[in-house]
Amino acid sequence: MEQSGTSTLLQGAVQDLASGVVSALRGGDHTRSVLPAGTDGEAGDLALAAVRVLGSDALLPALLLRTPPDPAEVAVFRKAVEAYPPRADAAPTVRWSHWGMARTLRRVDPSVTAGPPDEPGTGWLDEAGWQTLTHQLAVLAPLALPGEDCAVSRLAGCHPVDVARGFVRAVRRRDWRQAAGAGRWLTLLPAVPDTVGLASGLDFVELMGGQDPLVALHVQAARLMRSGARV
Amino acid sequence: MTAPDDTGDIRQVAEDALAWVDTRRAGFALGEDALAVDGEVDSSWKPLGELAQVCATVAHHTASFDPLHARARALLDFAWQETDGGELLRRLQRLEPFATYPLEVYAALASAGFRHPAFEEAAAVVARTRGWRLTEQDPTRRLGVLRAEERCGIHRPGQAPHMLTRTWLGGLSEPWTFERDAGYALTHVVFHLTDWGRDADGLPPDLVTYLADWLPPWLDTCLEAGMWDLSGELLAVAAIVARRTGDPVPRDAWRTIRAARRPSGEVPLQDRDPAPADPVDAEVPDDGRYFLHHYHSTLMAAFAAVLTSARPAGPPAGTGARHRHGGQGAPA
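The listed protein sequences derive, respectively, from chains A and B.
The numbering of the first sequence is our numbering, which starts it at 1 and goes up by one.
The numbering of the second sequence is our numbering, which starts it at 1 and goes up by one.
There may be inaccurate statements among the hints.
To be verified - Label-pair restraints from in silico Cβ distances: (1) B:R251 to A:A72: 51 to 61 Å; (2) B:R94 to A:L207: 44 to 54 Å; (3) A:G12 to B:R251: 43 to 53 Å; (4) A:S23 to B:D42: 30 to 40 Å; (5) B:D22 to A:A151: 52 to 62 Å.
Treat the hints as calculated values from the structure; they're not laboratory data.
No residue lacks a Cβ here, since even glycine has one placed at the ideal position from N, Cα and C.
Excised from the complex, chain A in its bound form (with noise of 0.2 Å):
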């Protein structure tokens, strides 16, 4: 979960857009725009590379809160699909991650005309432990979405207890993102042992390590959508 690797730079960008979609959410509305405006010049391949990495959470308020977005978000949206396509020898994570936004882009950009694209499967997946499966659920949390059925998702609701068991080892090792896309999966799987106390586990998240945008960012979205917030 940590952006090792990238740059000072583009994390505090990450960051920034994190804690727009964030607010956004928490308003209940989404009346301002969270993606920046301009893509052009060095500031622009920041941006846009920052919502590659947020994924489909850059455009998460209008998924959730079912409205509109703005055009000029879609078309930096887009833009950051089509800038940023995986390399041959991507992880499984980096492709399903684009999958993601390649299929947000075609739910809000009417003018997306191309087919689904193909889903990249979950065979890297088949042997992993329940610590494994957790940290790279985790790492796909922006594919938790209610009413959004993919392979990645069906994987995870056969696997429940061994997700609970994740989110309970993230939280003991204070790793507040993973434990925080854990507990995002949760609110989407059914027979989630009620011992995990889903609830006031996702309060406590908040309360450790909330001041990181992207923690906060799934605890807001596993919120809205266990108050029954749909796609």
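Mind docking chain B on chain A? Use the hints.
What follows is chain B alone, placed relative to chain A:
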């Protein structure tokens, strides 16, 4: 009992651990201050009681012809002799009639068949008082005293369920609130409810489900933190729960415990405890500090290893908390 497939390496942990304990009998011996009013209970009666408790379990779960059984029985004989056939416990009881630890030590020895009728008669008289029954203790310790009373023929039906709901485990605490102290409390609740692993049916079904669900992340994080002592206790709980669920042996966890052992088979309390001065020399060191940093975790490793390797082969009939989760249960 028949061993599940391929638990020989785990049983070896118990053999090595008790072999180390056997060479450190002096550490368990009661000192001159065993009956002193201001004696250090934690370094005298407590280790002896824990030795007796673990060896009683080992003896119970091994056949009489098994060398491990013989070693456990020999250590139990040693422990009983240290109490002068229970007489020191009787004298201790006269000095501190309302202290509960003499009864708890006695109960461990009594579970292995050693009895001292005069001690039990005296304990029964004291236990009839309101003062004894209202001794202020945390609920987990109280469950232990109730178990000890049962072992001595003092019956107080209906008390344990009331106490259980006031424990961290019995209240089904959120599993992510697990910390070190909660861990030690929950393992001991399980030990008290199941008579130290003799009766897995002593665990209520909701606790079986709860423990089966959450033991893996607790164990994983304790092992990662090098908390070998608590990890041993959790492995013992896992073995008890598995008798009800049929869950597989957590082999990765056992591999980690095996790797954490010192050359003579002893297990440190935690990762940061000092290794012997010369790791090549299995005879070093023999000081009290080294003993105190190794004896309990070594006993717990033996306890957990015997409970694991003596598990009935195959899944239990008609139960299985895990089964409701379908194909889940990734390796712990």
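Outcome of the hint check:
{"no.": "1", "hint": "B:R251 to A:A72: 51 to 61 Å", "in the structure": "56 Å, holds"}
{"no.": "2", "hint": "B:R94 to A:L207: 44 to 54 Å", "in the structure": "53 Å, holds"}
{"no.": "3", "hint": "A:G12 to B:R251: 43 to 53 Å", "in the structure": "44 Å, holds"}
{"no.": "4", "hint": "A:S23 to B:D42: 30 to 40 Å", "in the structure": "55 Å, violated"}
{"no.": "5", "hint": "B:D22 to A:A151: 52 to 62 Å", "in the structure": "56 Å, holds"}
When each numbered hint is compared with the structure, a violation occurs for hint 4 only.
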